[in-house]
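Listed in order, the protein sequences are those of chains A and B.
Per the numbering used here, residue 11 is the first one in the first sequence, and the count goes up by one each step.
Per the numbering used here, residue 9 is the first one in the second sequence, and the count goes up by one each step.
What the hints contain is simulated information worked out from the structure, not anything from laboratory work.
Please note that a few of the clues may not be correct.
Here are the simulated DSBU-like pairs of lysine-lysine, each with C-alpha atoms no more than 35 angstroms apart in a straight line [said to hold, decoys possible]:
| hint | chain 1 | residue 1 | chain 2 | residue 2 |
| --- | --- | --- | --- | --- |
| 1 | B | Lys108 | B | Lys147 |
| 2 | A | Lys622 | B | Lys108 |
| 3 | B | Lys147 | A | Lys622 |
| 4 | A | Lys497 | B | Lys108 |
These numbers were taken from a predicted model, which means no experiment stands behind them.
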Amino acid sequence: MGLLSDPNRRRALISLLTRLNAPICVVCYMAGVAWFMGLAFEPFTLRTYMSENAMGSTMVEERFPAGERALGTGREFSAHKKKAGGMPVDWLVKTMQSRGLEVFTQRFSRRLPFPDEDKERYMVKGTNVYGILRAPRAPRTEALVLSAPCSPGDDNNQAVGVLLGLAQYFRNQVFWAKDIIFLVNEHDLIGMQAWLEGYHHTNTTGMDWSPLQGRGGSIQAALSLELSSDVVTSLDLVLEGLNGQLPNLDLANLFYAFCQKIGVLCTTQGKLQRNDWDSVSGYSHAVQTMMLMVMKQASGRPWGDHGLFLRYHIEAATIKGINSFRQYKTDATTIGRLLEGMYRKLNNLLERLHQSYFFYLMPSLSHFVSIGYYMPAFGLLALILLLRALDLWIQLATPPTFNLNPPPSQMSSPGVLSVLTPLVISHLTGVALYTLPIHFQEIAVEHFPVSETEAVVLTAIAVYTAGLALPHNTHRGLFVPPFNGWKVLKLVAVLYLAVLLGCTALINFSLGFILALTLVPVAAFVTPDVPKALSAFIMVILSPACTLLFSVFLFQELQEMPVSFLDGWMLYLSVISQGILDHALYGSLVYPLVALLVYPCWLLFWNILFWK
Amino acid sequence: MAAPLTLLLLVAVTVRAALYRSSLADLISERVEVVSPLTAWKRVVEGLALLDLGVSPYSGDVFHETPLIIYLFHFLVDYAEITFMLADVITAVALYLSVKDYNKQVFRKQKYALEADRYPLDCLELIRSPKEMQYIPLKVAMFYLLNPFTILSCVAKSTCGLNNAVIALFVLSTIKGNVLLSAIFLSLATYQSIYPLTLCAAALLYLLQRQYIPVNLRRFSFWWFVAQYAFMYLGSLFVIVGLSFFLLGSWDFLPSVYGFILSVPDLTPNIGLFWYFFAEMFEHFRLFFLCVFQINVFFYTVPLSIKLKEHPVFLIFMQLAVISIFKSYPTVGDIALYMAFLPVWSHLHRFLRNIFLVSCVLLACSALFPVLWHLWIYAGSANSNFYYAITLLFNVAQILLVSDYFYAFLRREHHLSHGLYLKRKDGSEATLVLK
Numbered sequence: 011m012g013l014l015s016d017p018n019r020r021r022a023l024i025s026l027l028t029r030l031n032a033p034i035c036v037v038c039y040m041a042g043v044a045w046f047m048g049l050a051f052e053p054f055t056l057r058t059y060m061s062e063n064a065m066g067s068t069m070v071e072e073r074f075p076a077g078e079r080a081l082g083t084g085r086e087f088s089a090h091k092k093k094a095g096g097m098p099v100d101w102l103v104k105t106m107q108s109r110g111l112e113v114f115t116q117r118f119s120r121r122l123p124f125p126d127e128d129k130e131r132y133m134v135k136g137t138n139v140y141g142i143l144r145a146p147r148a149p150r151t152e153a154l155v156l157s158a159p160c161s162p163g164d165d166n167n168q169a170v171g172v173l174l175g176l177a178q179y180f181r182n183q184v185f186w187a188k189d190i191i192f193l194v195n196e197h198d199l200i201g202m203q204a205w206l207e208g209y210h211h212t213n214t215t216g217m218d219w220s221p222l223q224g225r226g227g228s229i230q231a232a233l234s235l236e237l238s239s240d241v242v243t244s245l246d247l248v249l250e251g252l253n254g255q256l257p258n259l260d261l262a263n264l265f266y267a268f269c270q271k272i273g274v275l276c277t278t279q280g281k282l283q284r285n286d287w288d289s290v291s292g293y294s295h296a297v298q299t300m301m302l303m304v305m306k307q308a309s310g311r312p313w314g315d316h317g318l319f320l321r322y323h324i325e326a327a328t329i330k331g332i333n334s335f336r337q338y339k340t341d342a343t344t345i346g347r348l349l350e351g352m353y354r355k356l357n358n359l360l361e362r363l364h365q366s367y368f369f370y371l372m373p374s375l376s377h378f379v380s381i382g383y384y385m386p387a388f389g390l391l392a393l394i395l396l397l398r399a400l401d402l403w404i405q406l407a408t409p410p411t412f413n414l415n416p417p418p419s420q421m422s423s424p425g426v427l428s429v430l431t432p433l434v435i436s437h438l439t440g441v442a443l444y445t446l447p448i449h450f451q452e453i454a455v456e457h458f459p460v461s462e463t464e465a466v467v468l469t470a471i472a473v474y475t476a477g478l479a480l481p482h483n484t485h486r487g488l489f490v491p492p493f494n495g496w497k498v499l500k501l502v503a504v505l506y507l508a509v510l511l512g513c514t515a516l517i518n519f520s521l522g523f524i525l526a527l528t529l530v531p532v533a534a535f536v537t538p539d540v541p542k543a544l545s546a547f548i549m550v551i552l553s554p555a556c557t558l559l560f561s562v563f564l565f566q567e568l569q570e571m572p573v574s575f576l577d578g579w580m581l582y583l584s585v586i587s588q589g590i591l592d593h594a595l596y597g598s599l600v601y602p603l604v605a606l607l608v609y610p611c612w613l614l615f616w617n618i619l620f621w622k
Numbered sequence: 009m010a011a012p013l014t015l016l017l018l019v020a021v022t023v024r025a026a027l028y029r030s031s032l033a034d035l036i037s038e039r040v041e042v043v044s045p046l047t048a049w050k051r052v053v054e055g056l057a058l059l060d061l062g063v064s065p066y067s068g069d070v071f072h073e074t075p076l077i078i079y080l081f082h083f084l085v086d087y088a089e090i091t092f093m094l095a096d097v098i099t100a101v102a103l104y105l106s107v108k109d110y111n112k113q114v115f116r117k118q119k120y121a122l123e124a125d126r127y128p129l130d131c132l133e134l135i136r137s138p139k140e141m142q143y144i145p146l147k148v149a150m151f152y153l154l155n156p157f158t159i160l161s162c163v164a165k166s167t168c169g170l171n172n173a174v175i176a177l178f179v180l181s182t183i184k185g186n187v188l189l190s191a192i193f194l195s196l197a198t199y200q201s202i203y204p205l206t207l208c209a210a211a212l213l214y215l216l217q218r219q220y221i222p223v224n225l226r227r228f229s230f231w232w233f234v235a236q237y238a239f240m241y242l243g244s245l246f247v248i249v250g251l252s253f254f255l256l257g258s259w260d261f262l263p264s265v266y267g268f269i270l271s272v273p274d275l276t277p278n279i280g281l282f283w284y285f286f287a288e289m290f291e292h293f294r295l296f297f298l299c300v301f302q303i304n305v306f307f308y309t310v311p312l313s314i315k316l317k318e319h320p321v322f323l324i325f326m327q328l329a330v331i332s333i334f335k336s337y338p339t340v341g342d343i344a345l346y347m348a349f350l351p352v353w354s355h356l357h358r359f360l361r362n363i364f365l366v367s368c369v370l371l372a373c374s375a376l377f378p379v380l381w382h383l384w385i386y387a388g389s390a391n392s393n394f395y396y397a398i399t400l401l402f403n404v405a406q407i408l409l410v411s412d413y414f415y416a417f418l419r420r421e422h423h424l425s426h427g428l429y430l431k432r433k434d435g436s437e438a439t440l441v442l443k
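All chains, please: the whole structure from these sequences, using the hints.
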């Protein structure tokens, strides 16, 4: 407290901070970025280790024998799927019943706010089929879920086959202490959403579904399986869920441990892990893997069917079979054994998975960075905002000498008004950006030759762009803005941005960091005195919409699927429509966050740039 | 001045009425920051249901409000929203009138002092002008009515709003110099939540000052007045408690209300300091630390009264802040009450040292409460430590805020008696250091 209470030291500290404000900000920015890039460097990361005792010390023996038969069932499923032209409900019910499960179905229907052109659906009707294997050894208070999506076309038949094979095999074993629910969900996430809402008696998104007739205990963990070929080269673990939520790290550890034990190639983000961390290519490989995770997390959408479980406190992951032209082959029996092992370990759980981390980034499957290591990268960026705010505060607190004694009441009331007007107007623009696209699609379709989806996306872009024209009109009000009005506005905007980014980074670090990376420089440098045209250009480049555009290109680049500019633009449009759909269907928060808070905040800085 | 106040009241009531009709009302009334086990509307409804069934509302350990409140809502339950809006309006108007009166007195005192040449010459810039003081009452009402904390509290129908109204009426009657009403409202406030008991000292000091009775322990007139006030206070407290007994027909409410406040059995997280500490503690230390924590509220009365005996209204402000920081089930409504007084001390701004830091921290914490609650309760990825860290930071910021105002007030008084530009003995410029 000496620093705060001793006036001389305070004065020294404050003068230091104001004099060196710009250099300190630049250094902080560099340090933040460098820290972030350093996270992928292996010596700075921790090796993963199993924290949960119930899963760590016990040995299990995997004996699943029936891989070939499972693939046969998969082919049978595929035939029935083709015949039924969708989910073969009757066949599935019969097959599950013959394997000794309690089988139930759930019907659901959902009208999307506008047609989804990626997946070609608008009016969605479907049925989920699930079978419960009752735990023979314990009161049925807890459950595990194994799910496989029933996808259109020829995908994922093998996953359903393996699921049914495992059901048959698990039925004959006596050591299950938790109910095991085998779920085949139609229409991927929409079906999963219907099932989860039915299971937990909630309805957050206004979907129609028939209530579930049978239930297990409270679900402890869930795995979703995606296999599209008889033989896979590697298994990929997908962790990113809704709103960037991640399952407990122990689930990833469990998967990794069993892959090591059984000898299956395992990847995360589709990238194998490499041992040459000290070489440049090894490091850049780790950076790519981590960046992919960051971008997927920042998107806030579920990257597999497991993504919706996380909302209900259920640790879940998707295991995806990848088939590339590598030499290494894994057959269905091995995959079955892997899953058997994982379920037997999960069966041993005494309490929910909570021992290990929930906030982490993974530069490879065997290494992770925890919240304590990655938060400083964000903290350094947020510090810039606080330093700028402090600088502005001091400038405002020591007014120029010629108006030493202005009556404060008269000073403050126009000041407050001149801040309030842009604040209200930019937030109203945000509300327009949030509500107009969906409400105006019908009008847009009538008057312009576009489809509904295009109408929604183009309206969103139009509102966004129209918002840029606003600042010219906001302060032509009844009063003359005071001399230092923009400083007050900037102080408010900078603090607003700092709080906003801080909260975002706590919920979804990746999103917060990416937004901070582009918005913090804008917030730091913008004043009415800088050259208008150049700064306006830079600000537009660093605005949230352009950030999204760059992210799309960067993401394609990282996935080693670079796209041309035109394809990238089409992808960008579809990403926007997917973002709006994710919000409407599953309650993803990224679209409202950007539309209602981030964009208005950016508009405030745009306002400052054109302050007269 | 009536027109802006009316406009302000209209705006405030409109905002509240709109929020009552929106879907946010249910969400807000569930927030632990806004309602405590004492003040939650849900619990009042439960108590009413029990009362209608002919069961004591205190059976079942849900309802912890006082009997008078439940009988009030027995008649007013259909008009609950209007009652809460009215309570806020009463609080704001009472604060408005009392601050107006207080400012008049301050100005009169300053005039006498100026005429008597009591201020040093270089202090002229510290002298307050009527122009600057003109809008302060309105600002006080605005700070109370448009404070998001008050709005949230009112929309959640937290009975904290009623307690605030009683305290505001107490402040008004004290400042107007009405001894009997002051004692009655103070006893009502005490009856509601015990802690306002500490305002007794401030009220006494103010009333003594107003009647020109010196605070002198050897004077009979001093003791006579204290005895009068104590008699009125205790008498009305006795009447209120007796009334509660006759309404209810049993003494159930004593352990269920006051026992609940003092022994803190409900450890639901809130913005206070108690819940985490007592959730973590070994059971056999509980009584000791309960005493330590509860004494905090009452103990500061003594040094503050001695230091601020010339400035009882500032003492009331300090006491309200101390109560809202250290009470066992604080909500944002309590904070709103003492924050409404901040414009009264706007002339201290040049002496405040940490106001920027403190307001940043308060702002950030207010935003982080719901975020960390979400991460802890819904996402399950954070835990109680995260939430408590923010609670702790929030309270530290409040303490810094209050002590900053305290320091600024004392420093201004010091300057008023010793001159603004202090010189050391050797003639160089001196600075005041708080140690």
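Determine which of the earlier numbered hints do not hold for this structure and return their numbers in increasing order.
Result: hint 2 breaks, nothing else.
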